[in-house]
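Peer 1: Given these sequences and hints, build the entire structure.
Chain by chain, the residues:
Number of protein chains: 2
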Amino acid sequence: MNGAEALLETLTESGVEVCFANPGTSEMQLVAAIDRSQSMRAVLCLFEGVATGAADGYARIAGKPAATLLHLGAGLGNGVANLHNARRARSQIVNIVGDHATYHLQYDAPLTSDIVGIAGPVSDWVHSSISAEGLAVDGAAAVAAAREFPGQIATLIVPADAAWGEAGLPAAPVATPAPGVPEDAAIESARAALASGDAAVLYLGGPALSEEALNQAARIAEATGARLVCETFPARIQRGAGRPLVERLPYFGEAALDALHGVRHMVLAGAPAPVAFFAYPEKPSVLVPEGADCITLAEPREDVLAGLTALADALDAPKEPQPGPLAPLAPTPNGPLDVMGLGAVVAAHLPEDAIVSDEGATAGIALYPMTAGAKRHDWMTLTGGAIGQGLPLAIGAAIAAPDRKVVNLQADGSGLYTVQALWTMAREKLDVVTVLINNSRYAILNIELQRVGAQNPGPKAMSLLDLGNPDMSWTQIAEGFGVPAVKVTTAEEFDKAFADAMAEKGPRLIEAIVP
Amino acid sequence: MNGAEALLETLTESGVEVCFANPGTSEMQLVAAIDRSQSMRAVLCLFEGVATGAADGYARIAGKPAATLLHLGAGLGNGVANLHNARRARSQIVNIVGDHATYHLQYDAPLTSDIVGIAGPVSDWVHSSISAEGLAVDGAAAVAAAREFPGQIATLIVPADAAWGEAGLPAAPVATPAPGVPEDAAIESARAALASGDAAVLYLGGPALSEEALNQAARIAEATGARLVCETFPARIQRGAGRPLVERLPYFGEAALDALHGVRHMVLAGAPAPVAFFAYPEKPSVLVPEGADCITLAEPREDVLAGLTALADALDAPKEPQPGPLAPLAPTPNGPLDVMGLGAVVAAHLPEDAIVSDEGATAGIALYPMTAGAKRHDWMTLTGGAIGQGLPLAIGAAIAAPDRKVVNLQADGSGLYTVQALWTMAREKLDVVTVLINNSRYAILNIELQRVGAQNPGPKAMSLLDLGNPDMSWTQIAEGFGVPAVKVTTAEEFDKAFADAMAEKGPRLIEAIVP
Chain A
1 MNGAEALLET LTESGVEVCF ANPGTSEMQL VAAIDRSQSM RAVLCLFEGV
51 ATGAADGYAR IAGKPAATLL HLGAGLGNGV ANLHNARRAR SQIVNIVGDH
101 ATYHLQYDAP LTSDIVGIAG PVSDWVHSSI SAEGLAVDGA AAVAAAREFP
151 GQIATLIVPA DAAWGEAGLP AAPVATPAPG VPEDAAIESA RAALASGDAA
201 VLYLGGPALS EEALNQAARI AEATGARLVC ETFPARIQRG AGRPLVERLP
251 YFGEAALDAL HGVRHMVLAG APAPVAFFAY PEKPSVLVPE GADCITLAEP
301 REDVLAGLTA LADALDAPKE PQPGPLAPLA PTPNGPLDVM GLGAVVAAHL
351 PEDAIVSDEG ATAGIALYPM TAGAKRHDWM TLTGGAIGQG LPLAIGAAIA
401 APDRKVVNLQ ADGSGLYTVQ ALWTMAREKL DVVTVLINNS RYAILNIELQ
451 RVGAQNPGPK AMSLLDLGNP DMSWTQIAEG FGVPAVKVTT AEEFDKAFAD
501 AMAEKGPRLI EAIVP
Chain W
516 MNGAEALLET LTESGVEVCF ANPGTSEMQL VAAIDRSQSM RAVLCLFEGV
566 ATGAADGYAR IAGKPAATLL HLGAGLGNGV ANLHNARRAR SQIVNIVGDH
616 ATYHLQYDAP LTSDIVGIAG PVSDWVHSSI SAEGLAVDGA AAVAAAREFP
666 GQIATLIVPA DAAWGEAGLP AAPVATPAPG VPEDAAIESA RAALASGDAA
716 VLYLGGPALS EEALNQAARI AEATGARLVC ETFPARIQRG AGRPLVERLP
766 YFGEAALDAL HGVRHMVLAG APAPVAFFAY PEKPSVLVPE GADCITLAEP
816 REDVLAGLTA LADALDAPKE PQPGPLAPLA PTPNGPLDVM GLGAVVAAHL
866 PEDAIVSDEG ATAGIALYPM TAGAKRHDWM TLTGGAIGQG LPLAIGAAIA
916 APDRKVVNLQ ADGSGLYTVQ ALWTMAREKL DVVTVLINNS RYAILNIELQ
966 RVGAQNPGPK AMSLLDLGNP DMSWTQIAEG FGVPAVKVTT AEEFDKAFAD
1016 AMAEKGPRLI EAIVP
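Just so you know, the sequences run in chain order A and W.
Each residue of the first sequence is one higher than the one before, starting from 1 at the first, in this note's numbering.
Each residue of the second sequence is one higher than the one before, starting from 516 at the first, in this note's numbering.
The set of hints was computed from the structure by calculation and includes no laboratory data.
Check before you lean on any hint, since a few could be wrong.
Unchecked claim - Below, a list of computed lysine-lysine pairs in the DSBU-like style, where the Cα atoms sit at most 30 Å apart:
no.	chain 1	residue 1	chain 2	residue 2
1	A	Lys-505	W	Lys-975
2	W	Lys-1002	A	Lys-429
3	A	Lys-429	W	Lys-1020
4	A	Lys-64	A	Lys-487
5	A	Lys-460	W	Lys-1020
6	A	Lys-375	A	Lys-64
7	W	Lys-579	A	Lys-460
8	A	Lys-487	W	Lys-1002
9	A	Lys-460	A	Lys-283
10	A	Lys-496	A	Lys-64
11	A	Lys-375	A	Lys-496
12	W	Lys-944	A	Lys-487
13	A	Lys-375	A	Lys-505
14	A	Lys-460	W	Lys-944
15	A	Lys-487	A	Lys-505
16	W	Lys-975	A	Lys-64
As the list claims (entries may be wrong) - Which stretches of chain W does chain A cover? Using the computed rule of at least three CB atoms under 8 Å from a CB of chain A, they are:
no.	region
17	615 to 625
18	781 to 794
Unchecked claim - Residues from chain A shown here face chain W by an in silico Cβ test under 7 Å; the list is partial:
no.	residue
19	Asp-35
20	Ala-101
21	Ala-109
22	Glu-188
23	Ala-192
24	Val-452
25	Leu-464
26	Gly-468
Just so it is clear, CB atoms sit at the ideal spot from N, CA and C, and this is done for glycine as well.
Peer 2: And the structure:
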């Protein structure tokens, strides 16, 4: 058994079953080992950002790590943006990055690079193996690191000679310690604040947005009148008809502070205190309203479900929350398509237990509230702001949950960064419907240019925010990658195309032309 | 004048005239400053790897730096792979990377990352500005660093408040010191080795592959009988009918050592001693034949033209070399298209002073010798092995030399990494013809899997090397991005399509289906 085989067997025995792969020469022994493994599914991605984003989507839905297989520092570099998002989502990922043979590094061959240096800024754990004998143990440690609650990015660098050298046996799985439970003092502080009668918000993030945890949060809200507000970009929130309604903190700082106006206590449950996504001249960075205090019930890496349950019990809240009020559905739209019409149609047809990968950018801001009354579903957002997440995340979600419909609400500008993902959807016949929202511009930047105080932009500035000239045909691009596609421009056309796509299985792209 | 404006004016006064941009919110002040600048051309790229690869292509042809404009660590991450290639090419690039306002960093907003950490492995110079007042001086220093002979990657990180804060004047350009000239002792050692009558190679790389330097090398060859051999992956070599013929060191180590068999002296001119691209079990890393010595005439950062000229003079070589023998052109091919047929057609129709961006991978290995007898042209190769260079490099070359035809010989697997480049070609109406060599697989990996000793691969391994299932349509993809495209399957069709494309101006893609 060589090092690559020992590593692969260790990974699968540790529960890693899927590898999103984009290998090169230095990973050929690992490819051969995957080939021989009965338990590892290999999914070819044609760009590393697709592989890392898919691993993120898999982790968010499966609650366990997938592996990626990447080609030295340059391949890892291509995966950096979506690893950044995954790290912000606290997803579990095990990156396997091939490297030159240890004895070859000294010669500085063309592909040699500082892989540890590239990995560091997007990894919670990095290790470069030095021998075939140690590779299996390193692999078990990587999986354990990735599983650290709620999740971490673990990057294991595998020199080619460690992969092809003779190794011993696979390594046994390493147990990951359970997360810390919030201390009694934290629960008591939160209880006192919420019981005070002052205006209060229970600010929820991370695993606090699972249905189970939200039910505990709803008990607390029922007992105290506290508002439930979630972080602006949750990794995954379970929502839809019957589940507790949660306000989402607005993106722009002024709107966020407006939404929190008058709040005296913010109880933080699985999320740090909110801060502005970007700084702007003369605008605040911290989004806690003046006069409010922040009380941490559970840090992002603590067991927030236990904390919420204990807090609800301490408040003598009813054991089961009342079912949330049903959010209304908008009427079926007609005429020229716009973002509100998109939202109404999606809300109407989204099937039970669908998974939404939302990279709608400006459109997503409207689509989220429009779908509050849809059937029960999971909603995933762009956690780290590194665009190009939506399509890959949908791949990972579809592989984690093959029986659930995945809908990718995708802005055009963002979708281009990882457009190669379409091919993997076609090859793997994934049940993913991409709604490509084509407004032919970086719409958010048109707003941001003004917000930073740059007035009266000229044609050169505008050309840098514009995706027209020439207009792209996403329909042609998708079909070029093997995904059936249709273009719609009216609400009626979109309604029919989306309903049809929900009724069928397999990858589809609907190019929705919106103003 | 704010910091962004002072920086922009400093860049243009320092000779930087083109910015390959993919900005986000944190770069909006820089976009506004570009808008106001009379002298900076802005080229929108839809993915950062396109921007960095285009800057590389620009530098290789213009011999001076372009700027890139990138969005924080995630955007820079997307540019890492082609910066790696550019650094290996010793190209001149000034990366401008936006960051959060300095006072905002402490809040760890979602897009916050260790930009210096990400930049380090692909930069020769990194600096994070701290104030609007200092930004212009930092910009001038960045340009000077990029110009350090023959070129460096300089990365300047610009916090948003440094961009919008009030600054003083632009900074004056900073002179870059001239490169060191090879010492007399180095020239004498090289002279003695070449005059000894032993079998010798003049091993050329970097600026030694300009026509001017190659003419000096040809003088030396004529005086001594030394063979002229260039590095396997030159950044740019000037070749074609009438120019000195140079052997290119083969890619695989065994073939390289075969080619150098019997050589006693290797005189290194602008290139380090050759090493294998990858290590393989039981195969050598260093590609200097046993019994041969290496004599450094000029280090890669020394003035190799001066060194070659001095060496030729020391050898009393004729002042002008004889014109090289004309390499024969292959006859016009017919029937099913293959790589040799591709090469014959390209060689026949390549116009005078064309620029070739070669990312043909396995096909490129055959296309290079086939085109030795074509009209005079420049040939650029994948210097760092990070695939996804070909299309962006062609963009930069076309912007640096708008009157020259650019031909991008592009393997399908590699082309996918930066496929978004097609749109920039369409928007800027660049005179680039992409020959997309579609063999529906990572052909090189089929070879490499065997070379690392992985025998009898099964279907799972083969699926990771295969780009079929489904087959892609590059014609549809290109047209989706706005580039006119045609698919060819026979030599006759390719001959007509390529000849037509050479006769017209503007972007084209020819999808050549080869076995």
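Peer 1: Which earlier hints can't be squared with this structure?
Peer 2: 3, 4, 10, 22, 23, 26
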